[in-house]
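Novice: Next come the chains, spelled out residue by residue.
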Amino acid sequence: MKKIFNGSRLKEARLYNKLTITELAEKLNVTKQMVSKYESGKSEPSFEKSLQLNDVLGYPREFFYTADKFFIDNEGTFFRSRLTATQKSKEPASIALKYSVIVRDFLEQFIDFPALQDREIYEGIDNPEELALSIRRSMDLGLEPIHDIIEVAELMGFTVINMDYQEDKVDAFSSMNTINGNSYFVITTGDSGSFYRQQFSIAHEIGHWVLHQNINPQELDKDEYKTMENEANKFASIFLLPKESFGNELKTKIVDEIDTYYNLKRKWNVSMAAMIMRARDLNIISADQEAKLYKQLHYRKWRNPEPFDLETKVTLPVAFKQSLELLIDENILQGHEIPLKIAEAYNLYLTPKMLAMICGVEPAIFMDNSQSKVVLKIKDFKKKQSS
Amino acid sequence: MINLHNDIVKAIANILVMDDPESRYLYLQSINNESGEGTQNSSPQHKWDYRYNSLIEMAKKFGLQYVKLNRGKLWEAVLIVGPENELYVFFSHKNMRNIIKKGKNNHYLKLLNLFNTEFDAMAPLNSQMTLPIYDSDAESEENLKEQAREMLSMMEENPSKVYVFAFDHSFISTVKALAFNTRHEVVWEKDLTELIEPNYRLVLKEDNVNPDKRESKNTPEIKKEKKQIVRLKNIK
Numbered sequence: 001m002k003k004i005f006n007g008s009r010l011k012e013a014r015l016y017n018k019l020t021i022t023e024l025a026e027k028l029n030v031t032k033q034m035v036s037k038y039e040s041g042k043s044e045p046s047f048e049k050s051l052q053l054n055d056v057l058g059y060p061r062e063f064f065y066t067a068d069k070f071f072i073d074n075e076g077t078f079f080r081s082r083l084t085a086t087q088k089s090k091e092p093a094s095i096a097l098k099y100s101v102i103v104r105d106f107l108e109q110f111i112d113f114p115a116l117q118d119r120e121i122y123e124g125i126d127n128p129e130e131l132a133l134s135i136r137r138s139m140d141l142g143l144e145p146i147h148d149i150i151e152v153a154e155l156m157g158f159t160v161i162n163m164d165y166q167e168d169k170v171d172a173f174s175s176m177n178t179i180n181g182n183s184y185f186v187i188t189t190g191d192s193g194s195f196y197r198q199q200f201s202i203a204h205e206i207g208h209w210v211l212h213q214n215i216n217p218q219e220l221d222k223d224e225y226k227t228m229e230n231e232a233n234k235f236a237s238i239f240l241l242p243k244e245s246f247g248n249e250l251k252t253k254i255v256d257e258i259d260t261y262y263n264l265k266r267k268w269n270v271s272m273a274a275m276i277m278r279a280r281d282l283n284i285i286s287a288d289q290e291a292k293l294y295k296q297l298h299y300r301k302w303r304n305p306e307p308f309d310l311e312t313k314v315t316l317p318v319a320f321k322q323s324l325e326l327l328i329d330e331n332i333l334q335g336h337e338i339p340l341k342i343a344e345a346y347n348l349y350l351t352p353k354m355l356a357m358i359c360g361v362e363p364a365i366f367m368d369n370s371q372s373k374v375v376l377k378i379k380d381f382k383k384k385q386s387s
Numbered sequence: 001m002i003n004l005h006n007d008i009v010k011a012i013a014n015i016l017v018m019d020d021p022e023s024r025y026l027y028l029q030s031i032n033n034e035s036g037e038g039t040q041n042s043s044p045q046h047k048w049d050y051r052y053n054s055l056i057e058m059a060k061k062f063g064l065q066y067v068k069l070n071r072g073k074l075w076e077a078v079l080i081v082g083p084e085n086e087l088y089v090f091f092s093h094k095n096m097r098n099i100i101k102k103g104k105n106n107h108y109l110k111l112l113n114l115f116n117t118e119f120d121a122m123a124p125l126n127s128q129m130t131l132p133i134y135d136s137d138a139e140s141e142e143n144l145k146e147q148a149r150e151m152l153s154m155m156e157e158n159p160s161k162v163y164v165f166a167f168d169h170s171f172i173s174t175v176k177a178l179a180f181n182t183r184h185e186v187v188w189e190k191d192l193t194e195l196i197e198p199n200y201r202l203v204l205k206e207d208n209v210n211p212d213k214r215e216s217k218n219t220p221e222i223k224k225e226k227k228q229i230v231r232l233k234n235i236k
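So the sequences go chain by chain: A and B.
So that you can map any letter, position 1 of the first sequence is 1 in this note's numbering, and since no number is skipped, the others follow by simple counting.
So that you can map any letter, position 63 of the second sequence is 63 in this note's numbering, and since no number is skipped, the others follow by simple counting.
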């Protein structure tokens, strides 16, 4: 049976590679009208051109001759800026997010991931301090400092993926997705910056999950979007720095001396700037004291980067990596079988490189190591000897 | 001293030091400078228009009147009219100081201060803001008052008083409200910085730091075992 070229897959691959129609046309040596025709299904690439697609776009040829065998219901993506969603650089991020949902759903049949909490239980809690404490309680975090927000997020059942392969800097973003009746809240770490910035950034995304249920951010106007972002920031500050522990500890120290925040940063794993703002929010310091602290930060050249920012390693999610290791170590699946099984189940053909990016592993894990790729042949030295 | 509801004063303070990344992005896009590497000569005007237009929106929201003061082809200032016909004007702290110290006598701030005769009886807080010798030529003063009245011809009555909101957004955001007498001496001042809401967005500002990475684990460094996040389903 003749395979039908899928124009929408070509568009997806083009957008993932951040190419315009004109740029792709140049690479394929066809007119831009022709690329438009390919994408709209009005024309099909020749066999020769279809072979080029793999080289140009990095997707297997089969990808372009199959159609989605899945439907993902995306409730809207929480980007840091309302305008972000329209930027070209965010399209590959959204596509990678879709693939991560598929990989997560695929792994679900073999792996017990931490269950995503039912966030509706938090719907009635209006006080953000109480809300943050409830989530802390549900995760047995008590009032202690959070050592690694990535691990907390993974243990809360979020799908966390790291996407630092992008040339353009993309901030963390998140979205709720449903596929095959399963719901996954995916947090993409984006360009994390320092470990301390990542702590706040991921706590901000957890804030969206709990605070902005049933809200599609893409439907909000400018002011609503700003309010939503401020709420997520506020939640992050409360979640990371509870009033009952951080606030009380700070009160026992010299609150308008920057060294206090220097020392607390090591313990609370939050930037000094965020702690100063939280101190102000809690009315532990006045606006004048806040200004004094910023002046001290500036004077000591601690503003950007802050102390410890450069030497503290940023953490990466591990759930996907551990899942793959379990599957392979326990002989449930061989690494090279995984892309094939995903393709079978979802009609989605991804290269080992793309899967590796989503899962945070080396591409070699998805390659068949049982068959040597090196083909050796004995030299025809007998013939030479006889002549 | 200011006859405005606290919510309005708070809104004004926050508008004056507001930093909207969305507006910044759209501005750079509109001048073909998305990368930010090109020129942006119109940026100060853009910021002031944003501030003024946000103040207009705020005035409408709270049922206050506003005046657009035309100062030649280059500048249009927005003034808020309070419930007792008092005027509120807006300046950066640095610009306000320059105007009071070195500005022409017919600058609109100085003209507006001439309506503050009521404050002349109050003792100045800090006379250093003004020139040591004030040219109080009676004839020119009358002439300036006339200019002030002409400038506010769109208002039915002369303003009862004029207050200034001055902000500093260069390093740390601060906002003050001030009143001058007709000799341009500060007679009243109130720090409104406490009303500025903490802006956690600054915490998430790109830090351009790119440290090494490590796998997430919550166990202390001394424990070598890795914490397992996931486990295999019982499918064997």
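Just so you know, not all the hints are guaranteed correct.
[What the hints assert, rightly or not] List of simulated lysine-lysine pairs, DSSO-like, C-alpha gap at most 30 Å:
#	chain 1	residue 1	chain 2	residue 2
1	B	K94	B	K176
2	B	K10	A	K295
3	B	K233	A	K243
4	A	K353	A	K295
5	A	K98	A	K243
6	A	K98	B	K217
7	A	K295	B	K205
8	A	K226	B	K73
9	B	K190	B	K217
10	A	K295	B	K61
11	A	K292	B	K217
12	B	K73	A	K321
13	A	K222	B	K104
14	A	K222	B	K217
15	A	K11	A	K42
16	B	K190	B	K213
17	A	K313	B	K176
18	B	K61	A	K98
19	A	K301	B	K213
20	B	K176	B	K217
21	A	K49	A	K37
22	A	K27	A	K3
23	B	K47	A	K292
24	A	K292	B	K73
If you are wondering where the hints come from, they were derived from the structure by calculation, not from laboratory data.
Computed from a predicted model, the values in this text were never measured in an experiment.
Novice: So, for every hint listed, does it hold in this structure?
Specialist: Right, here's what the structure says about each hint:
no. : hint               : in the structure
1   : B:K94 with B:K176  : holds (12 Å)
2   : B:K10 with A:K295  : holds (24 Å)
3   : B:K233 with A:K243 : violated (40 Å)
4   : A:K353 with A:K295 : violated (47 Å)
5   : A:K98 with A:K243  : violated (37 Å)
6   : A:K98 with B:K217  : holds (26 Å)
7   : A:K295 with B:K205 : holds (18 Å)
8   : A:K226 with B:K73  : violated (34 Å)
9   : B:K190 with B:K217 : violated (50 Å)
10  : A:K295 with B:K61  : violated (36 Å)
11  : A:K292 with B:K217 : violated (37 Å)
12  : B:K73 with A:K321  : violated (64 Å)
13  : A:K222 with B:K104 : violated (40 Å)
14  : A:K222 with B:K217 : violated (38 Å)
15  : A:K11 with A:K42   : holds (13 Å)
16  : B:K190 with B:K213 : violated (48 Å)
17  : A:K313 with B:K176 : violated (42 Å)
18  : B:K61 with A:K98   : violated (42 Å)
19  : A:K301 with B:K213 : holds (25 Å)
20  : B:K176 with B:K217 : violated (48 Å)
21  : A:K49 with A:K37   : holds (14 Å)
22  : A:K27 with A:K3    : holds (24 Å)
23  : B:K47 with A:K292  : holds (27 Å)
24  : A:K292 with B:K73  : violated (41 Å)
Against the hints set out earlier in the document, violations occur for numbers 3, 4, 5, 8, 9, 10, 11, 12, 13, 14, 16, 17, 18, 20, 24.
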